[in-house]
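Chains A and B supply the protein sequences, listed in that same order.
For the first sequence, the numbering used here begins at 8 and goes up steadily by one.
For the second sequence, the numbering used here begins at 2 and goes up steadily by one.
Hints in this document: simulated from the structure, not taken from any laboratory.
As the structure is a computational prediction, the values presented were derived from the model and not from experiment.
Don't take each hint at face value.
Under the rule of at most 25 Å between Cα atoms (straight-line distance), these lysine-lysine pairs were calculated in the PhoX-like manner [said to hold, decoys possible]:
#1 Lys87(B) <-> Lys102(B)
#2 Lys392(A) <-> Lys408(A)
#3 Lys7(B) <-> Lys37(B)
#4 Lys392(A) <-> Lys409(A)
#5 Lys15(A) <-> Lys87(B)
#6 Lys7(B) <-> Lys15(A)
#7 Lys423(A) <-> Lys409(A)
#8 Lys84(B) <-> Lys37(B)
#9 Lys351(A) <-> Lys255(A)
#10 Lys87(B) <-> Lys413(A)
#11 Lys102(B) <-> Lys113(B)
#12 Lys351(A) <-> Lys413(A)
#13 Lys382(A) <-> Lys409(A)
#14 Lys15(A) <-> Lys84(B)
#15 Lys423(A) <-> Lys408(A)
#16 Lys7(B) <-> Lys255(A)
#17 Lys392(A) <-> Lys423(A)
#18 Lys413(A) <-> Lys84(B)
Between beta-carbon pairs, the in silico distance windows are [said to hold, decoys possible]:
#19 Arg98(B) <-> His28(A): 21 to 31 Å
#20 Pro111(B) <-> Asp35(A): 20 to 30 Å
#21 Ala17(B) <-> Thr152(A): 28 to 38 Å
Note that CB positions come from ideal geometry on N, CA and C, so glycine has one too.
Read off the chains here:
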Amino acid sequence: MAVNLGYKNVYRDPLGYPEWHANGLPVDTSPAGLAEMVPQSDTSKPLQGWSVIWTLLGIFAGGIALNLTPCVYPLIPITVSYFGGQTDQSQGKLLIHGICYIGGLSVTNSLLGVTAALTGGLMGAMLQNPVVLGAVAAILIFFATSLLGFWELRLPYWLTQTASKSYTGYFGSLFMGITLGVVAAPCIGPFVLGLLTWVAGMGNPLLGFLIFFALSIGLGLPLFFLAMFSGKLDKLPRSGEWMVWIRKLMGWVLVGMAAYFIRPLLPQTAGILVLAAVALAAGLHLGWIDRTRAAFRAFDLLKSGAGIIGLVVATYLIGSLIMQGAGMQWHAYSDQLLFDAVEKQRPVIIDFSAAWCAPCRELDEVTFHDREVVKLAQQDFFMIKVDLTRKGNPDSDRLLKKYGVKGVPTIVFLDKQGEERRDLRLVDFLPPDQFLVRMAEIRNTP
Amino acid sequence: MKNAGKTLLALVAIAATLGALWYSNRVVISQKATWKDVLNEARQGGYQIIETDELWQRYQADPEALLLVDTRQEWEYRTGHIKGAKNFPIEPTWLSRWRNKGALETFLGPDKERLLVFY
């Protein structure tokens, strides 16, 4: 390679380092420290001046992007059926109604932000709570069955009643928005978990409100246009059978999301199998079983494409489950074990994790299944896992205090003397190659 | 698209996925290359082979005159490397070589006559 670049005196030493080392020639170990590792950025700094505007604009754009998640699907038919009847309204009045609607939606979601700011990290933890995850999954399945055509979604009677009564005062639209915000909030919650944690860290309720308001406005923008024009939808020619297929596709996406939400509650293998089963069923249904036809050719391609993608995703999930390398062997924590490690001069890695935490799972599935990591760990390390899924275990509480662990995941590296290297501590996912660097570093610590 | 054709395409796609998965997950058994293989490779690549003894002599004579390049992964380099060697991780795949080409030229410096030893 260097030859191609024009270098003249290129040599290779095929025996390399092992031979050199074996002959007792001068060697060196790593440069001290982790110079190239970026320290954790401090996100809890207060925002000021222009940066507030820019942040809000960025979050607004993020809100628009959130429309790509299926959380808004259930809101689409409701919006259409609510605004659809109001063809007699003038354009200007409709505009105000639309604004009221989106405003109501945003207020509900913004309360999420205020709550996050006031309660600290609690909100984020709550959104990862099994009950909340289960409820969100149930709501998603509920709407999915409607999209798949098992029943027709209509507004509840009391809601239409209230809305039509106070219709004259724009209050109806606002009220609709507020109500629907309640439906959408738990669904977008998990997607904006990072944002919630950030807002919670700042602890400023007003800023929390503004941030989530900007997010909701972005989220609601397409719905606003839908509201404006849904009165005209009826005048459009029938869009044909293929729209029914699109609805089914959206239904399957919702089912997939529900499976994704309840995955942390299941054992790892079962979670992947459920996802794979959903993908398989969706692929077969959309691509083969469903007999919808359309006059244009692109639809056929779309249909086949969706079917094949479903099957490929299922194959990928099951295939990677089967072919995955051997996982890490973990020890449960005991004081004796730490004592042994010092005795045997071995470094220790303690992984604080919980079943419901997403980065922990990623660490388990990627980093702790990496062949090099597993091999090195089994050779030279004591690996300890502390499971914090259930709270109130006095043993783990003591450990949390001892190492000052604030949340999961936290990975603590102890050197051969049993002292922690604080600079190596991890509080997030890290890919295998960088994890190996840390392992090498702690191993070299005398 | 006809149903049979679609099913066939799906099977091909599934087979391709499985193949790609197998390829990326397979256990690579690093077989010991014989000395002859090494020489062959060197002739094709247009570089020379240096043995540890000779390298040591040159190293003793003037460590500044030669540039030692450790091509292993960073964590391997950190665990231990020849004193004075610089780390430039290159995986033995054509993709990695192609990607790192520009960076390597900067890394090796402008002196094309300099003695370079890779390991």
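Unmet hints by their number, sorted upward, for this structure: 3, 6, 8, 9, 10, 12, 13 and 18
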